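Here the protein sequences line up with chains X and D, keeping their order.
Sequential numbering from 1 applies to the first sequence in my numbering.
Sequential numbering from 1 applies to the second sequence in my numbering.
Calculated from the structure, these hints are not laboratory results.
Values in this document were obtained by computation on a predicted structure and should not be read as measured data.
All residues carry an ideal CB built from backbone N, CA and C; glycine is no exception.
Worth double-checking, as some hints may not be accurate.
[Stated by the list, open to error] Reference listing, derived: stretches of chain D covered by chain X, where coverage requires no fewer than 3 residues with Cβ under 8 Å from a Cβ of chain X:
| # | stretch |
| --- | --- |
| 1 | 73-82 |
| 2 | 106-120 |
| 3 | 186-192 |
| 4 | 212-222 |
| 5 | 235-247 |
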Amino acid sequence: MGSTTLRRGLRRAGILLLTLVTGALLVFLAMKAAPGDPALSALGENARPELVAAFRRDHGLDLPLWQQFWAWISGALTGDFGRSLTLAGGVPVGSLIANRLPVTAFIGLYALLLAAAISLVAGTIAALQRGKAADTALTSLAVLGVSMPDFWLGYVLVFFLALNFPIFPSYGFVSPVDSFTGALLSGFLPALAIAAPMAAVFARVLRAALLDVMHRPYVQVARSIGHSGKFVFVHTILRNALIPYVTIIGLQVRYLLGGVVVIERVFGIPGLGSLMVDGAFGRDYPVIQACALTFLVIVLMTNLAVDLLCTRLDPKARA
Amino acid sequence: MRRMLRLLAGARTLSLGLLITLVVLFGILVGPWITPFSATEMDFINVLTPPDGTHWLGTDSFGRDVLSRVLSGGQISFLISAVGVLSGAAIGTTLGMHAAWRGGNQEALLMAFCDLLFAFPSFVLALFMMVVLGFGMHNVMIAIALAYLPIFARLARNLTRTMMHEPFVQAARLMGQRPARILVFEILPNIFSTLLVQASVGIAFGIVMEAGLSFLGLGVQPPTPSLGVILADGREYFQRAPWVLTLTGVVVSVALLGLNLLGDGLRDLTDPRLRKAAGP
Numbered sequence: 001m002g003s004t005t006l007r008r009g010l011r012r013a014g015i016l017l018l019t020l021v022t023g024a025l026l027v028f029l030a031m032k033a034a035p036g037d038p039a040l041s042a043l044g045e046n047a048r049p050e051l052v053a054a055f056r057r058d059h060g061l062d063l064p065l066w067q068q069f070w071a072w073i074s075g076a077l078t079g080d081f082g083r084s085l086t087l088a089g090g091v092p093v094g095s096l097i098a099n100r101l102p103v104t105a106f107i108g109l110y111a112l113l114l115a116a117a118i119s120l121v122a123g124t125i126a127a128l129q130r131g132k133a134a135d136t137a138l139t140s141l142a143v144l145g146v147s148m149p150d151f152w153l154g155y156v157l158v159f160f161l162a163l164n165f166p167i168f169p170s171y172g173f174v175s176p177v178d179s180f181t182g183a184l185l186s187g188f189l190p191a192l193a194i195a196a197p198m199a200a201v202f203a204r205v206l207r208a209a210l211l212d213v214m215h216r217p218y219v220q221v222a223r224s225i226g227h228s229g230k231f232v233f234v235h236t237i238l239r240n241a242l243i244p245y246v247t248i249i250g251l252q253v254r255y256l257l258g259g260v261v262v263i264e265r266v267f268g269i270p271g272l273g274s275l276m277v278d279g280a281f282g283r284d285y286p287v288i289q290a291c292a293l294t295f296l297v298i299v300l301m302t303n304l305a306v307d308l309l310c311t312r313l314d315p316k317a318r319a
Numbered sequence: 001m002r003r004m005l006r007l008l009a010g011a012r013t014l015s016l017g018l019l020i021t022l023v024v025l026f027g028i029l030v031g032p033w034i035t036p037f038s039a040t041e042m043d044f045i046n047v048l049t050p051p052d053g054t055h056w057l058g059t060d061s062f063g064r065d066v067l068s069r070v071l072s073g074g075q076i077s078f079l080i081s082a083v084g085v086l087s088g089a090a091i092g093t094t095l096g097m098h099a100a101w102r103g104g105n106q107e108a109l110l111m112a113f114c115d116l117l118f119a120f121p122s123f124v125l126a127l128f129m130m131v132v133l134g135f136g137m138h139n140v141m142i143a144i145a146l147a148y149l150p151i152f153a154r155l156a157r158n159l160t161r162t163m164m165h166e167p168f169v170q171a172a173r174l175m176g177q178r179p180a181r182i183l184v185f186e187i188l189p190n191i192f193s194t195l196l197v198q199a200s201v202g203i204a205f206g207i208v209m210e211a212g213l214s215f216l217g218l219g220v221q222p223p224t225p226s227l228g229v230i231l232a233d234g235r236e237y238f239q240r241a242p243w244v245l246t247l248t249g250v251v252v253s254v255a256l257l258g259l260n261l262l263g264d265g266l267r268d269l270t271d272p273r274l275r276k277a278a279g280p
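Based on the provided sequences and hints, a complete structural model is requested.
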């Protein structure tokens with residue numbers, strides 16, 4: 001305890017920071033290598049040369065590359081990502097991100113919780129009923145679940161649910177800041193569409209992990225001591241199966257964010273994903289860079305959280 | 001006994017997956033030539049007709065036969081995904097095997113780079129690449145390849161590391177074979193099946209990725225009928241003709257189901273330990 005934990009923590013933080021800066025550099029250089037002049041795409045192909053020069057000076061595009069990178073990365077650390085080239089006459093990208101991030105976080109967490117809840121039930125039933133009809137049905141449903149493109153599923157859900165049950169709006173999104181119930185209802189179909197393929201993956205992993213643990217000697221020991229079946233399941237089997245389950249949930253956050261990008265666009269949700277797609281159409285490189293970097297930060301933070309959680313869950317790793 | 005049963009179950013999944021995949025492959029390879037309708041020819045008398053005996057999946061807003069479009073679109077989407085995933089797999093595997101063999105700083109550096117690429121959500125990475133490279137079919141392939149490169153590099157590196165100290169590799173080393181020869185002829189055949197499983201699941205996800213990008217309008221551009229383009233078309237008139245989007249998606253799901261079952265079956269047959277490392 002003490003110094004080793006601290007040293008390990010510092011090492012991790014260092015690696016995290018290095019990854020972040022390298023990632024930012026990569027994003028920056030790739031954007032610079034992209035064909036097309038951002039000034040011309042913002043002002044139009046036939047813009048007057050002096051206007052183009054003013055635009056370039058205004059956005060710092062005439063500075064040397066390393067100075068531009070330094071300006072961008074040092075600004076980014078304080079939440080200043082520059083100004084948008086196309087949206088609303090140059091709004092600060094930082095405030096755009098700040099407005100959109102809570103929406104994406106809400107939808108993402110909502111989908112993650114739905115997926116976790118569905119998979120916890122389905123995976124447990126499949127493992128307990130191994131080889132019986134319920135297992136076969138759930139396992140087949142899981143393969144089908146991973147095979148459906150989420151944005152298509154979103155549309156079909158809208159068609160069948162929103163039109164028959166008007167409590168779920170088919171388009172638009174109520175911000176959780178305005179009305180939490182409204183956000184829960186209007187976010188339900190999008191979240192479900194993202195959750196379905198993920199729930200399938202989680203359930204399969206949980207089923208495999210439960211089956212793997214069920215026949216371990218320590219489970220037999222717990223049974224032979226005289227613990228009830230329920231107690232053994234919750235405290236011994238599920239507890240040990242949680243580690244691969246939590247790990248896969250963490251890994252799938254990358255995939256979830258990809259789903260969020262498309263689904264936000266499909267359902268007209270003003271989140272980070274639809275911002276990035278808008279930026280892609282307008283070749284608005286400050287917006288795209290900022291979005292890519294924000295997604296990178298989210299994934300890195302998730303990885304860290306999963307690692308910490310697994311260390312807590314696994315007594316062997318804690319020592 | 002139990003192993004036999006498991007093998008049989010794996011074989012059942014495998015054969016079902018293989019069957020669906022073969023039917024789909026036959027459909028997209030031969031289909032466009034045997035359907036009576038062209039994928040691009042317009043027919044303004046039969047606009048948005050519901051599915052019937054002549055047009056099995058109905059027609060779209062230009063009177064084009066949706067089934068013919070799905071078959072040609074499937075051909076294009078499958079090609080994009082397969083070329084993308086396989087080139088990502090080839091480059092990633094080469095890098096990963098090289099890294100495992102060399103070890104030291106080179107390995108650490110290569111793996112750090114792969115970890116960095118892997119830390120971007122694949123769809124976000126693909127979207128980003130579409131902005132950098134420009135929209136269009138070839139760039140979707142490159143984006144998919146880049147998304148799969150780190151996955152295969154890491155997998156190949158880990159598998160190679162487990163193989164490196166096997167007796168037959170040591171024997172080849174003692175015989176004085178060159179490293180490249182050992183990697184290609186001794187190690188690669190032993191890790192190939194696992195890579196194949198990843199590739200078959202990868203191609204399924206690559207199709208979803210292409211469809212997603214093109215659905216948003218960032219991928220393949222309209223006159224070319226890819227699956228994403230057809231789905232995006234179907235969204236335009238979803239209220240009037242829901243079958244275009246719905247049925248196209250059903251066909252896509254069946255095709256992906258085949259590839260996923262194929263991957264599962266192969267995995268069950270080849271390496272039961274790997275079943276835990278699921279995920280697209």
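Which earlier hints turn out false for this structure, listed by number in ascending order?
-> Result: hints 1 and 3 break, sorted rising.
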